[in-house]
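**Student:** Chain by chain, the residues:
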Amino acid sequence: MPIKTMIEAIRDALDAEMQNDPRVFVLGEDVGVKGGVFLATDGLYKKYGMKRVLDTPLNEIGIAGIAIGAAMRGLRPVAEMQFADYSLPAFDQIANEAATIRWRTAGEFSCPLVVRAPYGAGVHGALWHSQSVEALYAHRPGLKVVIPSTAYDAKGLLIAAIRDPDPVIFFEHKKGYRLIKDEVPDGDYTVPIGKARIAREGDAMTVVSYGLMLHYCLEAAQAEGIDAEVLDLRTISPLDRAAIVGSVKKTGKCLVVTEDTQSFSITGEIAAIVNEDAFEYLDGPVSRLATPDVPGMPHDPGQEEWLLPNREKIAEAMRKLARY
Amino acid sequence: MPIKTMIEAIRDALDAEMQNDPRVFVLGEDVGVKGGVFLATDGLYKKYGMKRVLDTPLNEIGIAGIAIGAAMRGLRPVAEMQFADYSLPAFDQIANEAATIRWRTAGEFSCPLVVRAPYGAGVHGALWHSQSVEALYAHRPGLKVVIPSTAYDAKGLLIAAIRDPDPVIFFEHKKGYRLIKDEVPDGDYTVPIGKARIAREGDAMTVVSYGLMLHYCLEAAQAEGIDAEVLDLRTISPLDRAAIVGSVKKTGKCLVVTEDTQSFSITGEIAAIVNEDAFEYLDGPVSRLATPDVPGMPHDPGQEEWLLPNREKIAEAMRKLARY
Amino acid sequence: MSAENHISRHEALGLHGEDVHELYYQMVLTRTVDDRLWNLNRQGKVLAFASCLGQEAAQVGSAYALAPDDWLAISYREHGVVIARGMSVRDIFAYAYHRDNDPNTRGRQIPGHYGSQKLHILTASSPVGTQLAHGVGSAWASVYEGKREATIIYFGDGATSTGDFHAAANFAAVHKLPVVFLCQNNEWAISVPNTLQYAVKHLTERAAGYGMMGTLVDGLDVIEVFGATRAALARAYSGEGPTFVEAKCKRLRSHTTEDDDRRYRRREDVEADRAHDPLANLEAYMKAASLWDEGVARQAGEKAAAEVEDATQYAEASPLPKPSETLTHIFAEVKTDAHQNDD
Amino acid sequence: MSAENHISRHEALGLHGEDVHELYYQMVLTRTVDDRLWNLNRQGKVLAFASCLGQEAAQVGSAYALAPDDWLAISYREHGVVIARGMSVRDIFAYAYHRDNDPNTRGRQIPGHYGSQKLHILTASSPVGTQLAHGVGSAWASVYEGKREATIIYFGDGATSTGDFHAAANFAAVHKLPVVFLCQNNEWAISVPNTLQYAVKHLTERAAGYGMMGTLVDGLDVIEVFGATRAALARAYSGEGPTFVEAKCKRLRSHTTEDDDRRYRRREDVEADRAHDPLANLEAYMKAASLWDEGVARQAGEKAAAEVEDATQYAEASPLPKPSETLTHIFAEVKTDAHQNDD
Ligand SMILES: Cc1ncc(C[n+]2csc(CCOP(=O)(O)OP(=O)(O)O)c2C)c(N)n1
Ligand SMILES: Cc1ncc(C[n+]2csc(CCOP(=O)(O)OP(=O)(O)O)c2C)c(N)n1
Ligand SMILES: [Mg+2]
Ligand SMILES: [Mg+2]
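Which chain is which? The protein sequence lines are A, H, F and D, in order.
With our numbering applied, the first sequence corresponds to residues -19 to 304, in that order.
With our numbering applied, the second sequence corresponds to residues -19 to 304, in that order.
With our numbering applied, the third sequence corresponds to residues 819 to 1161, in that order.
With our numbering applied, the fourth sequence corresponds to residues 819 to 1161, in that order.
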């Protein structure tokens, strides 16, 4: 099977679904001739033309809102937000509108929309090219939130997201675009939304993570020789509660790792779930590692590195929990 | 001391600070001649005139963004979002701008802004007149998020918020506006932001809540005769970690009650904090009661009542945790 | 030229006497529905409601111009629009009574936020302005699929201030989409008057800034609204792009049942506004055009009253939704392709 | 009339020869700074950077018209503006090198997002368009406090599509605020050309829709930009309200160092655009107005080069921020009144 980078896998997925389904079209800033600022849509404009690969004016309200209208009419828009950070102007359209359309009409209308956006830090992009915003979207029922950590999953989950009859918010780690490479089959396949993946089996503790951090968790477990079970969430919402609880029941310990700022991040939800469903199995507190609560990621690489979770900090957190 | 409703206390606070500080002005939709849709600003237009009680065009981006600009210039804007649900169009300005101004300039600029908004359900207002959105704002470092549960606190916290040199998001329960009444001193006083309050002392468990739900928790504890310590958060972010942890260390059990939809709500953060700092003291899982994950509050009163936490459900959750 | 003076305005637009009678009936029905819902609110039976009193001509006249395939994006005040579009009064009342047999929302939304696949009405919502972007997306979908359909977007003067309006107008103009922006300027965004909302004389002045056609009409004149909408639709179908139609009208009641306009509107102004009644206007027109017939008018009133009475009883007899039903339709309940292919 | 032909355009605006020389110097300095920062990026020393090459006249000419008390709201591309405003080249470079002695942001923002209380420059940010609302809020603050100050807001063609622009323009017009909307139309929003951004010929056409004055200027002509800005400021000071100034210019480099415009811009077009050089323009003007002096020009170049060289060395020798410093200034560190009064 060919080895592909995550960005290639994403491009593959878009191409496959545009081929499969004439209702699928891509819209966003610079997605057309340029092929997107990370080249996720590279080549699609040439292949499918402007109608299906549409450069929009600079207004995220419009990108989301127009996509929502088209989705209600049966098309399958894939809207790109140039950075996850810049999806916030569209938050009202996504959270108040897209999320509620099926429910508020008791099924008469639906909103089969995908919103894609690069997220994550480590590229010195500072406050508005580094954010993790999954917690915001995950908190709104009616939205599905997906974050792949492998190229294989990126392709399969994105195809699943496009075929999903409900709105899916799809975040891709920008530093992972070219860093993450693995085997990606040609042709189309799907990876189910809502299912976590055991990325590494183990008995000493459960480490829950996703996206780029997942890799750091795996590396830390490897390097430390800790028998950690590493769970790749893949879907942030709805969470795969059974997978989390099942693993923690087995290991008795749980560490959650996110690149997002800590407070009110998704780490808390996992702590709550584990308390609710696996409390008696716990041999230690549900623990977490995240970016400290700063209002933005600093541009200075020294400061950025100092703030972000990395292999060493994860290893340290694992050791601490193992000792408990 | 005079007994006042929460809405009167809020009006008092605005009036007091407009009197004390000429830099304070109020802006929003319908805050002027009409006095706000809940009459929070009733009488202020007459007293202070249009410059200080400003009816804006219908654009929350502008309400927030213009207030931010004025705040950077040293004024003390108090922006009203007509409903918390309608603050979402302004989310970018509040979360990406207001929250970051002090940090991104290393203190050169600040943003002494207050955003007030009615939140909460129980008034048959359906999807967009019922939301609890505190988790969204609490997740953004750089913002303070405050929710009073008494008229006394409403006044003291709002005055503190206006005097605070940083952005404060201030949510007021719309059903509590007239339902909640207690002793409110004349003149100005402050209640510190960042400090929880023990609303009821007890030893059997800690119940953490805020806003209207706090009252239901108190009533449930009373009715059930459960020796619960009821903690009123008052400030959602930054959380009063010491107060939460201190109480749970004493009682050994913790129930978190919110009116927000459950997943990724602030209940998770409290579960995580308790795990981190009081795990060894726990005699049962951190538990929670919230609104089920629905995309919106239904208009039908029967459905609405069925969904929302209430005294009976809280009492049941308390009994369950007590039995543990 | 002088011969034209003898042709009535409706004839000049190709409308027959029956059309005018139908317009009249729809406006009467709209008002009857509106009055009843308002009263039912005062009786505590309808929990909240935004009246369209004074806006019947703008709503019925524009909707009457639509083809069956055209799509509509609406706000919370468009009772006349959905009536003209053919929504049954029973459905409207079942909705207002949050009953389980309402096809629009089944107890979920507050009254008036209609949505219907059959009638090509995109589901409405409360956040002001959002439907503008949806409507443009709908027009995009029509063009995308090569269909000869227009989308008409209903919104108020207040909505023109939103970011959604700006995004929608600009995008529609750039792509010359088949959109009719139908602004009912009722002079108020709740209590905020036009003077605090915008600094131009007419909102149509904004159209040119987007490269769009702007048409100002008397929103109290159903024939004029019909004509302007039909012209805008013709432009839309023929690829000439969007049109901004501003229908000036009056809001003859408070913003909603929850509002009390005595706080911000002088009684003498409200009284003066009452004189601007689109229904009285049409009556006068019909008289001048020799289309008035007391019998027809009486029948219209009686028929509307009977429909509304029937619908009220229907709604009252209809079941409320089961509480637990509210947990349904969060996501599609069928397994998706994605899920079928895996695991 | 014919006598006027003998007055140079700068004289007609009351500018002296020294002013023109100063404008020339500021433009040369801007370009020298810009070139160096671009090169330093290519050397890996400056991590990201948005060049203002081609926009020097629009930036320097407009900023030169400001009074010291006026306020500025800017985007990420306004190097010429802050130079004209008096920011030291050392500060600019300390910023670009994310050093701890940079007064703008101390390592936190990516280069070019200036902010200075002293220079009355509101802190810039990356989200496009947000500063438009801030600038209007600033103008509101000036009026609120009865100060005779204007606020100038710098933004690009792309920013005119945002909801923030719409909110800002409308509010400023409704309240006749002292605002100059200075749009540098460099024809691109990254790779999206004007034709896909808006459907009017000139963005100034949008101004009328808000009830605002619109002025189109040649953004390559520093004298014309200066004149138009000064006229707009005069309107602002005298309570006549906001002005939208569209300065047409060229973006002579890729969007930022992170962009490669070869993906979307034909080389021959880029070459053709190069001929539209505001600095060459000014040189020609100076020659025609007998203000050109090889010595002065050489000195300007040398002085700019020396300043930039000094600043580069200064920045390289300056300390990086301590990592843990990044946890400071999240909230005010002093106790607030509120906290002092309690507990
Ligand atoms: C985004 C948003 N902000 C505020 C509100 C509260 N609100 C409901 S209707 C309304 C005024 C709308 O005025 P207009 O667009 O003129 O429509 P009208 O009600 O006059 O038909 C406001 C402010 C809302 N629904 N949505
Ligand atoms: C809200 C938002 N969306 C997207 C971006 C990504 N982005 C950065 S600059 C830019 C184009 C801006 O174009 P214009 O306003 O013309 O300014 P210019 O860069 O040409 O000076 C885009 C899309 C952003 N910074 N902010
Ligand atoms: Mg209106
Ligand atoms: Mg540009």
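Derived from the structure by calculation, the hints contain no laboratory data.
Don't take every hint at face value.
Stated by the list, open to error - Going by beta-carbon spacing under 7 Å, a handful of chain D positions derived as facing chain H:
id : residue
1  : Q861
2  : G933
3  : G1113
4  : I1148
Bear in mind the structure is a predicted one, so any value in this text is a computation, not a measurement.
For every residue, glycine included, the Cβ atom is placed at its ideal position computed from N, Cα and C.
**Student:** All hints, please: hold or fail.
**Tutor:** Status of each hint after checking the structure:
Because the beta carbon of Q861/D sits about 26 Å from the nearest beta carbon in chain H, more than 7 Å, this interface hint is broken. The beta carbon of G933/D comes within 5 Å of a beta carbon in chain H, closer than 7 Å, and the hint placing it at the interface holds. Contact between G1113/D and chain H, as hinted, is not supported at the beta carbon level, the nearest pair being about 40 Å apart and thus beyond 7 Å. Interface hint at I1148/D: satisfied, since its Cβ lies 6 Å from the closest Cβ of chain H, which is below the 7 Å cut-off.
Hints 1 and 3 from the list above are not met by this structure, while the remaining hints are.
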